[in-house]
Amino acid sequence: MEEKIIIQVENLTKKFGDFTAVNNISFKVKAGEVFAFLGPNGAGKTTTIKMLTTLLNPTSGNVHINGFDSMSEKNDTRRSFGIVFQDPSLDDELTASENMQYHGVLYKIPKDTRKERIEELLKFVELWDRQNELVKNFSGGMKRRLEIARGLLHHPKIFFLDEPTLGLDPQTRNHIWEYIHKLNEEEGTTIFFTTHYMEEAARVSKIIAIIDGGKIIAQGTAEELKATTKTASLEDAFISLTGKKIREEEATSADRMRTQRRMFRR
Amino acid sequence: MDAEVIYILWKRQLKRYFRSKSRMIGSIGQPLLFLLALGFGFSSVFQQAGEGNYFQFLTPGIISMAILFTAVFTGIEIIWDRQFGFLKETLVAPVSRLEIMIGRTLGGATVSVLQGIIVMIIALFVGFVPQSLLMIPVALAFMFLIATLFAAIGTAIASLLEDMQGFQLIMNFIVMPLFFLSGALFPLTGLPPVVEIISKIDLLSYGVDGIRSALVGISYFGFGVDFAVLGVSTAVFLAIGSYLFSKMQI
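Line order of the protein sequences matches chains A and E.
Oh and the first sequence: position 73 is 73 in the numbering used here, straight run, nothing missing.
In the numbering used here, each residue's number is its place in the second sequence (first place is 1) plus 266.
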């Protein structure tokens, strides 16, 4: 019997005006798999995740998450996954536990289960002692851990992580991969993550898709990718597939805002 | 409709309000300055023109001003949430966009009414005398109506904007004219026809008039008209705001 396909993407395209961010990509992810989306900055990783998670409507193509059509069955799709975004998405003015509560109510988790589950998860990411502290006093790593706990509150079948370790020190990164690994092993949660760190992709995931310029240019296990490009390491394979050029991205309004916020905080 | 979802969105707005003391004080500062500077500055001219006590006349206008500014701002805060990521957390959740809109708007409206009440209390200390304590609930009802209306308008505008760059534009071309032409500062009687027409289109005029008739007994449109116009327009803008909000993508 064939394994269950939990994410199915067919001919997905997203255009912003003349610019094609995601160009006709198709792929499948099996239930229980760890799937890495590897690509340089601006390759279309985040845009793809946004379309998979109902935040952005595709220009064309289909997405099925856990058997639900992400366009016509939005709320069923939303219940099926948890997500950690690339940028922090916590409310800084609320405490860790209030952020968890908010999520629990939005996902309609019954009150008693909610309480138990919040405790369980805050202990899992080692933030239980600091549950009543305002998130604005948390470090980047603590925020990321809290976001992981929050994303798991409603027992999602699929866990999306968009650059989950970006800007974190090696210790915290290690820690985060441990949680994710444990989650995949013990609960069988399907993991879909994006990264531009080669070793992370190789170490954690089974299947890697390399995306560049909005297209998936290669897909397979790390071994397979090295074999097809006749290279010794995944890093070489990546460069051989995507070229050596450095990507220049235009600043988006979000980037400008981040700069402004940094100035504002001072 | 899930009441718990609406409640938690409402509660979030209130918690943020009470935790941010600087914002609370900051947004009281401007109305207070208007109240004291204009209230005392124009009182003798107003008196000599035979219009009575200007401070009494002005206070309901400044209460409306505090509510207008705060309410539009709470709506526009969506842009803030959007840029700082929290909106994604809300939009990715399996709840109807209408529930999110209602929860947020009611939260923003409650915060705005609280700001209005603070201005009213300060005015009481400086010499404002309401005509009857029994009419205060009526004034509160009007305050809540305009708070909801302008929070919904703020949300509608915010759904169309990418970032806070447009904020000044909204302040200068929407919020300020709404305030200055609403009869908050001057009586609507005897105005040049053009200004009078604009004032009648300005929805805040009906709020100012409602609060003023409840608190000091000076009325231009009458209670019935005030309630009808505000009730209908609040419903319309809640619908428009919900629609635009539901179309929002990140």
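Derived by calculation from the structure, the hints in this document are not laboratory data.
Cβ coordinates follow ideal geometry from the N, Cα and C atoms, glycine included.
Please note that the accuracy of each hint is not assured.
As the list claims (entries may be wrong) - Keeping only pairs whose Cα atoms sit at most 27 angstroms apart, straight-line, the calculated DSSO-like set for lysine-lysine is:
| id | chain 1 | residue 1 | chain 2 | residue 2 |
| --- | --- | --- | --- | --- |
| 1 | A | K4 | A | K74 |
| 2 | A | K108 | E | K281 |
| 3 | A | K182 | A | K28 |
| 4 | A | K123 | E | K513 |
| 5 | A | K136 | A | K74 |
| 6 | E | K513 | A | K108 |
| 7 | E | K287 | A | K123 |
| 8 | A | K115 | E | K277 |
| 9 | E | K277 | A | K206 |
| 10 | A | K215 | A | K182 |
| 11 | E | K466 | A | K143 |
| 12 | E | K277 | E | K466 |
| 13 | A | K108 | A | K74 |
| 14 | A | K111 | E | K513 |
| 15 | A | K136 | E | K287 |
| 16 | A | K157 | A | K182 |
| 17 | A | K111 | A | K30 |
| 18 | A | K108 | E | K287 |
| 19 | E | K513 | A | K136 |
| 20 | A | K206 | E | K513 |
| 21 | A | K157 | A | K226 |
| 22 | E | K466 | A | K74 |
| 23 | E | K513 | A | K15 |
| 24 | A | K74 | E | K277 |
| 25 | E | K287 | A | K74 |
| 26 | A | K4 | A | K15 |
| 27 | A | K206 | A | K182 |
| 28 | A | K226 | A | K30 |
| 29 | A | K111 | E | K287 |
| 30 | A | K182 | A | K4 |
| 31 | A | K4 | A | K136 |
| 32 | A | K4 | A | K28 |
| 33 | A | K115 | E | K281 |
To be verified - Derived list of chain A stretches under chain E, where covered just means 3 residues or more per stretch with a C-beta under 8 angstroms from a C-beta of chain E:
| id | stretch |
| --- | --- |
| 34 | 43-56 |
| 35 | 72-79 |
| 36 | 85-96 |
| 37 | 103-110 |
Structure-based check of all given hints:
no.	hint	verdict
1	A/K4 / A/K74	holds, 21 angstroms
2	A/K108 / E/K281	holds, 21 angstroms
3	A/K182 / A/K28	holds, 23 angstroms
4	A/K123 / E/K513	violated, 38 angstroms
5	A/K136 / A/K74	violated, 31 angstroms
6	E/K513 / A/K108	holds, 23 angstroms
7	E/K287 / A/K123	violated, 32 angstroms
8	A/K115 / E/K277	holds, 18 angstroms
9	E/K277 / A/K206	violated, 43 angstroms
10	A/K215 / A/K182	violated, 31 angstroms
11	E/K466 / A/K143	violated, 50 angstroms
12	E/K277 / E/K466	violated, 35 angstroms
13	A/K108 / A/K74	holds, 16 angstroms
14	A/K111 / E/K513	violated, 31 angstroms
15	A/K136 / E/K287	holds, 16 angstroms
16	A/K157 / A/K182	holds, 14 angstroms
17	A/K111 / A/K30	violated, 32 angstroms
18	A/K108 / E/K287	violated, 32 angstroms
19	E/K513 / A/K136	violated, 30 angstroms
20	A/K206 / E/K513	violated, 37 angstroms
21	A/K157 / A/K226	violated, 31 angstroms
22	E/K466 / A/K74	violated, 43 angstroms
23	E/K513 / A/K15	holds, 17 angstroms
24	A/K74 / E/K277	holds, 26 angstroms
25	E/K287 / A/K74	violated, 39 angstroms
26	A/K4 / A/K15	violated, 31 angstroms
27	A/K206 / A/K182	holds, 15 angstroms
28	A/K226 / A/K30	holds, 22 angstroms
29	A/K111 / E/K287	violated, 31 angstroms
30	A/K182 / A/K4	holds, 21 angstroms
31	A/K4 / A/K136	violated, 41 angstroms
32	A/K4 / A/K28	holds, 10 angstroms
33	A/K115 / E/K281	holds, 20 angstroms
34	43-56	holds (count 5)
35	72-79	holds (count 5)
36	85-96	holds (count 9)
37	103-110	holds (count 5)
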